[in-house]
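Trainee: Spelled out, the chains give:
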Amino acid sequence: AQSVAQPEDQVNVAEGNPLTVKCTYSVSGNPYLFWYVQYPNRGLQFLLKYITGDNLVKGSYGFEAEFNKSQTSFHLKKPSALVSDSALYFCAVREPGGGNKLTFGTGTQLKVEL
Amino acid sequence: DTAVSQTPKYLVTQMGNDKSIKCEQNLGHDTMYWYKQDSKKFLKIMFSYNNKELIINETVPNRFSPKSPDKAHLNLHINSLELGDSAVYFCASSQFPHEQFFGPGTRLTVL
Chain A
38 AQSVAQPEDQ VNVAEGNPLT VKCTYSVSGN PYLFWYVQYP NRGLQFLLKY ITGDNLVKGS
98 YGFEAEFNKS QTSFHLKKPS ALVSDSALYF CAVREPGGGN KLTFGTGTQL KVEL
Chain B
68 DTAVSQTPKY LVTQMGNDKS IKCEQNLGHD TMYWYKQDSK KFLKIMFSYN NKELIINETV
128 PNRFSPKSPD KAHLNLHINS LELGDSAVYF CASSQFPHEQ FFGPGTRLTV L
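Heads up: the protein sequence lines correspond to chains A and B, in order.
So for the first sequence, this note's numbering puts the first residue at 38; every next one is plus one.
So for the second sequence, this note's numbering puts the first residue at 68; every next one is plus one.
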């Protein structure tokens with residue numbers, strides 16, 4: 038069965054510093070991987086995805102993620118964090134041939150401070 | 068234009084009541100979903116419909132019944148509400164195999 042782990046409940050970073058939110062996955066075969074962001078009292082917003090192709094994926098709001106097959110990781114990164122990036126971030130995985138079922142990680146709260 | 072909309076946004080009700088949540092998407096997607104987000108923010112899929120056909124039905128109590136009258140609508144009916152049903156329920160849609168678009172959520176509180 039597919040699964041996703043986000044090992045950090047919270048990540049704190051100073052504004053202007055680079056940020057990384059970690060995600061590892063477990064699937065049979067090649068995964069489809071996604072990052073979503075949730076602001077307070079809002080629905081989830083899609084940030085970026087990896088289906089195939091380049092391992093470095095660029096997404097919305099300056100975020101990017103690197104797919105690493107050997108480490109089964111898909112970490113979310115941003116070169117320079119903004120206070121407005123503070124939110125809850127979810128990594129998700131779907132197995133190829135697994136229909137539409139998306140399995141989410143437990144979420145990582147990102148706090149960017151001045 | 069709202070892509071995925073849900074009504075109501077808030078729902079407060081007594082134990083034992085029956086309630087429904089409605090979802091509509093105007094993106095032309097072929098697949099719709101219901102998710103439950105608990106108080107710890109854990110997100111879990113409940114159901115998925117593709118072209119009005121149920122394709123995902125997770126281990127959800129049979130008090131929960133989804134209904135899809137057409138491709139653009141997916142409603143969730145809950146019978147005999149229990150305290151443990153209190154959560155935020157999200158509707159989503161996608162054009163398989165692409166990313167899912169989420170609605171704003173319905174916060175259900177069972178007293």
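Quick caveat, the hints were computed from the structure, so don't treat them as lab data.
Don't take every hint at face value.
Claimed, not checked - Here are a few chain A residues that sit away from chain B, every Cβ distance over 10 Å (derived from the structure): (1) Glu52; (2) Gly80; (3) Leu81; (4) Gln82; (5) Lys95; (6) Gly99; (7) Ser121; (8) Leu125; (9) Leu139; (10) Thr140; (11) Gly144.
To be verified - With a Cα cut of at most 30 Å, we get these calculated BS3-like pairs of lysine-lysine: (12) Lys138(B) / Lys103(B); (13) Lys76(B) / Lys148(A); (14) Lys86(B) / Lys86(A); (15) Lys108(B) / Lys148(A); (16) Lys107(B) / Lys148(A); (17) Lys76(B) / Lys119(B); (18) Lys107(B) / Lys114(A); (19) Lys138(A) / Lys107(B); (20) Lys76(B) / Lys108(B).
Idealized CB from N, CA, C, for every residue including glycine.
Trainee: Which earlier hints turn out false for this structure, listed by number in ascending order?
Mentor: 2, 3, 4, 8, 9, 10, 11, 14
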